[in-house]
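Construct the entire structure; sequences and hints are all you get.
As you go down the protein sequences, you meet chains L and G in turn. Numbered according to our numbering, the first sequence spans residues 1 to 182. Numbered according to our numbering, the second sequence spans residues 1001 to 1714.
It should be emphasised that the hints constitute simulated quantities derived from the structure, not laboratory data. Small disclaimer: the values here were computed from a predicted structure and weren't measured. A few of these clues could be false.
[What the hints assert, rightly or not] Only pairs whose alpha carbons sit at most 35 angstroms apart, straight line, appear in this in silico DSBU-like list of lysine-lysine:
#1 G:K1197 <-> L:K87
#2 L:K70 <-> G:K1253
#3 G:K1600 <-> L:K114
#4 L:K70 <-> G:K1277
[As the list claims (entries may be wrong)] Covered, in the sense of this in silico footprint (three residues per stretch, anywhere, with C-beta under 8 angstroms from a C-beta of chain G), are these stretches of chain L:
#5 26-35
#6 69-78
#7 99-113
#8 137-145
Using N, Cα and C, we set each Cβ at its ideal position, and we do this for glycine too.
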Amino acid sequence: MAIHFTLNGKPTTLDVNPNMPLLWALRDTLNMTGTKFGCGMALCGACTVHINGEATRSCITLVSSLAGKKVTTIEGLSPDRSHPVQKAWIEIDVPQCGYCQSGQIMSAAALLAKTPHPTDAQIEDAMSGNVCRCGTYNQIRQAIHRAAQLQTGGSKSANGTKDAAPVESAEQTVDVLAGGAE
Amino acid sequence: MSAVTTSIDRRGFLKTGLAGATGLIVGFYLPVRREVFADGAEPSVLNAFINVSPDDKITILISKSEMGQGVVTSLSMLAAEELECDWKQIRTEFAPAAKVYFDPVFGMQGTGGSQSIHSGWVPMRTAGATAREMLIAAAAQKWGVDASECHAENGGVVHTATKRRLSYGSVAEAAGKLTPPTNVKLKDPSEFKVIGKPTKRLDTPDKVCGKATFGIDARRPGMLHAAVLRCPTFGGKVASFDASRAKAIPGVKDVIQISSGVAIVADNTWTAFQGRKALEVTWDEGPNVGASSESIFKTFEERAQKPGVVSRKEGDAASALASAVQKVEAVYRAPYQAHATMEPMNCLADVQADRVDIWAPTQFQTPSQGIAANIAGVKPEQSFVHTTYLGGGFGRRGWSDFVTDACEVSKAMKAPVQVTWSREDDTQHDYYRPASYIKMAAGLDASGKPSAFTARVACDSIMSWFFPGSVKNGMDSSSVEGVSDIAYDIPNILVDYQLVPGPVPMGFWRSVGASQNGFFSECFVDELSAAAKKDPYEYRKALLGKKPRHLGVLNLAAEKAGWTKPPPKGIYRGIAVLEAFATYVAEVAEVSVDKDNNIKVHRMVCALDCGRVINPNIIEQQAMGAMVFGLTQTLKGEITINKGRVVQANFDTYEPLRMNECPKMEVYIVPSTETPTGMGEPAVPPVAPAVCNAIFAATGKRVRKLPVRPEDLA
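Right under this line is the structure:
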């Protein structure tokens, strides 16, 4: 039975087993691999997406539950890395391996949508479901505070960041032959 | 792999028998070539680290695996320093598997041992300088002037007298036809413009929008997805299986036996997982079904009663112990640890008649290439390794078992197949950090100074698993590193090792032997300071007079932590200092323990000396990440064995530290002009002893086994 919903602003139809978790429909059916598989049991948050604006673990969210809903994934958060959370993540240089970061960013964006200026305690409450084995937690906390500033029009650089770097980060294309490119 | 002769050096890593691999490797090819090249296939384009295209894009080929440690950025910085290009021109690609990319220490292409910066320090700068000189020569030829009249500047060549300028891209093709110079001069460090400067990571933009491609994200037209059901007991195998229920699931394509178990092949990952649940397998559980953590530690304890193979002997420790004024003895133990990379093991393989391609999050390309070639029945040069980003490595991806899975299934299916492990597979079929048992003793003189130190380690050997037959005479230095190299000025030392083979697969785990031995030795030294009634920092300091780099980080950590000032009420401090992979790290932990013995780490102060700094941002990231990793092993992580299998399965039972448990962390770098060394691992080992020594300060109780749990303090 086909399920109709909105994915990153576009009307989308999924004709898969309705018991398939959204995570696998995104990754294997729709070929949108930005949302990551970490545990399959909502224990790590790597698969976090927004459903009607709520941070949701897509690994335990069945496709059958999506009818008429609005789903946003990391690919749809902004077209050009311009979401305040993404900008803050780049400014603070949060990721290490980066695998959990789609989920971290989606959780952070959902938090800031409801709580524009979260305290450290509110950040911990919203983010402790997202595991980062590389240990970027303090950078994440710092970047969420920075995103809160950016979101409300702040432009002053975050305290304690080393943004005085003489060499800037260039946009990168690390070609790993994804999607059949040769 | 078989072509490489190996021996084990004192770090437990490999030295090559290939003469060529230790020589200076300089790479250069122009203009862009997109062919994947392997050993011998295209000799004229081997030795390639830098590639300049006519549109002025500069591609740095990264021969190391990026697993978060920042090599994409830091290796690019080394090349860019000499290349004199605009940082914005730089692109990176992961290098294919080829001999030119062998690490001189490993004798193969691979990433580990916090080695990438150390082994890339000269070759990457030389590659940049060689490229620069060729571009200058090409421009000079075009102008009809002598190359000595020209210089490189900001991505172009300038004729110094006339200020004429040609961009690198415009002379790239001509430069590529020149013979590379062999004696380029590298900059004096006083001229560095890139090295040492805080520099943003090149991989961050792709990692904030879901665009970075990890192994699990690799896609090929017509690919299938597979999951493997493995025997839960180590050493077990398939006796028989009934695939009828699995095959009845729509989307399941086939069920096949492979060397690691039974593979369910489907048109998507979820269906493969569903098929696995429906599969009925009868296992031959093998000889290890009776093994448990208790039985394994009991064997360690028994073996530790008898002398082992000596790894360090100085003076006469037995006599000095016998005549000591005071004797301190202790037994410590550490459990198995899983790597728990956030990206579970996976690989996409496409086995064809005359070639095999793998898209793999591998740390060791050469073994991955060889394994794929063997399974496909092709020559190594027909085996193409496409290294992806790694969603964490920590040593786990030094093994290529996931490559074996994917190649065997692809070969059987005659199609590209991606094998994806579940979290449970990943936790229960790891190559674990060894569980270890140690008996230590020390004698103190009347002043409390140690006159003798003895330690006997009993555990399994990583190298015996990684290179069967490589461990001669029962000594694997990786089993004793972190205790055998104890840095304190002690006149009589005896460290020996009982290699205890066991059923649990062993692997390199972030900081390897020092991850447990650092806990043992640095907690024991703390016990000595208490027995001597001395301050733990002052006690260490007095014994490190001959070790300036240990002393440098120890003093800096103590100073920054405010060691000599009392901590806030209810907070207690512990300190530890260790060298690992030639990087020196001291850490101070600030800890509280409440009335129910709940432990909270409030602050970690880290001081480190990794030689010359390449990128302070990445050093700070790595030190903080390593401290979080170390806190997980100190407070939470434990793999236990029951009935020959791993008890833990997912993040509810093997739980990494979470944000609400993460302390405030500070990182301080000792300035140095020494050759740079790595930062991926060395900040892990001091964490456990610093925290456990702080727990002693808080409670008067010694923690002699990890992880420390509230009930152990009752």
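Which numbered hints fail: Of the numbered hints given earlier, the structure breaks none, since each of them holds.
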